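**Q** Numbering (the working numbering), first residue to last: 18 to 353.
Errors might be hidden in some of the hints.
Claimed, not checked - Lysine-lysine pairs mimicking BS3-like chemistry, simulated, CA-CA at most 25 angstroms apart:
#	residue 1	residue 2
1	Lys222	Lys209
2	Lys81	Lys57
3	Lys96	Lys135
These are calculated hints, taken from the structure and not from any lab test. For clarity, every value in this text was computed on a predicted model and none was experimentally measured.
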Amino acid sequence: MFPTEITLPQMMGEFRIRFTALQYGQPKEILYAYKLGDGKWKVSSSPEAQFASLSAGTHRFLVKARTPDGDWTSPSAMKIRIVPPFFRSPLFFLLVSLLSAGVVGFVAYLRLREVRQKEAEKRHYLQRINQLEQQALNAMMNPHFIFNALNSIQHFLHTQDPEAANTYLVHFARLIRLTMDAVQRNQASLSKELERLQLYLALEKLRFGEQLTYRMEVDPEVDLEEISLPSMLVQPFVENAIWHGILPTGRAGEVRIRIREEESGWVRIEIIDTGMGIGQVPQTPSTESSGHISRGITLARDRLRYFHPAATLDIRTWQTATGEVGGTIVTLRLPD
Numbered sequence: 018m019f020p021t022e023i024t025l026p027q028m029m030g031e032f033r034i035r036f037t038a039l040q041y042g043q044p045k046e047i048l049y050a051y052k053l054g055d056g057k058w059k060v061s062s063s064p065e066a067q068f069a070s071l072s073a074g075t076h077r078f079l080v081k082a083r084t085p086d087g088d089w090t091s092p093s094a095m096k097i098r099i100v101p102p103f104f105r106s107p108l109f110f111l112l113v114s115l116l117s118a119g120v121v122g123f124v125a126y127l128r129l130r131e132v133r134q135k136e137a138e139k140r141h142y143l144q145r146i147n148q149l150e151q152q153a154l155n156a157m158m159n160p161h162f163i164f165n166a167l168n169s170i171q172h173f174l175h176t177q178d179p180e181a182a183n184t185y186l187v188h189f190a191r192l193i194r195l196t197m198d199a200v201q202r203n204q205a206s207l208s209k210e211l212e213r214l215q216l217y218l219a220l221e222k223l224r225f226g227e228q229l230t231y232r233m234e235v236d237p238e239v240d241l242e243e244i245s246l247p248s249m250l251v252q253p254f255v256e257n258a259i260w261h262g263i264l265p266t267g268r269a270g271e272v273r274i275r276i277r278e279e280e281s282g283w284v285r286i287e288i289i290d291t292g293m294g295i296g297q298v299p300q301t302p303s304t305e306s307s308g309h310i311s312r313g314i315t316l317a318r319d320r321l322r323y324f325h326p327a328a329t330l331d332i333r334t335w336q337t338a339t340g341e342v343g344g345t346i347v348t349l350r351l352p353d
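Between the sequences and the hints, there should be enough to build the whole structure, so can you do that?
**A** Laid out in structure tokens, this is it:
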């Protein structure tokens, strides 16, 4: 019985199909004709057809035989389905495509994660560097303040005023604790900064008496607890106002700290003194003023740059209504 369909793997290569015609009576030489698909008929006395490897897909095989009276029989048909190997199947290509996409995606993910990790490490190192630099800047400013405070204590001891010396030591101890805490921190609240400044000015007031007055003006709209700034940023300017602004004049002077909120939402901090004015400080070995002020301004600008790129520092001399030098005004603008 002639099968109507067979399935063969494409990898089997060459194959043969054998067939035979039924004969009744005296056998004679039988001729066969066969073809594949739309090809030409091939006539042969051999009862078999040989094919090389066929392409994947379905092929139609036809075969017929010539009868003893010379007539050809009706062709018998058989479908030959050639199955491609798995690595050539659409499913395989789909799996390979998905796998390739997965590998590429995974490699891209690893690369992106590596880049982000390196960026995070870089940011961490930069932040740490900034922290160390700010701590170093704080450490560079503190000795000058401590030296001034110790001088004040010695002044009271030399003048034999134990009550004032005791008051000064209590305030000084509190200020030292606040200062030590500030050195360990990159930033402080404006409230803490003003508390330190209040103690410092009170100490200097105790020492210089009527020669120094001070006041703080704070806009009630400003939330001192919510506003941050670099630790110990304002105090060097207050020190300069006293030691390099007011004291060299030989007359009484005032330091005013004014804090207000701008319409832009930023906070303006002003340190105003009635001293000699910037650039007017005499060049004497005792004050070493020019170099000290220059270094202090440079350090303050560096710290502001680390804190916020848009924060500004402006230092200028202000004039009275008559056009005379009134003193120095330092203006800091910080984000709220």
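**Q** For every hint, state whether the structure bears it out.
**A** Status of the hints after comparison with the structure:
Simply put, Lys222 and Lys209 have alpha-carbon atoms about 20 angstroms apart, close enough for the 25 angstroms limit, and the pair holds. Annotation: proposed proximity of Lys81 to Lys57 holds, straight-line Cα distance about 13 angstroms (limit 25 angstroms). Annotation: proposed proximity of Lys96 to Lys135 is violated, straight-line Cα distance about 63 angstroms (limit 25 angstroms).
In terms of the numbered hints stated before, the structure departs from hint 3 and from no other.
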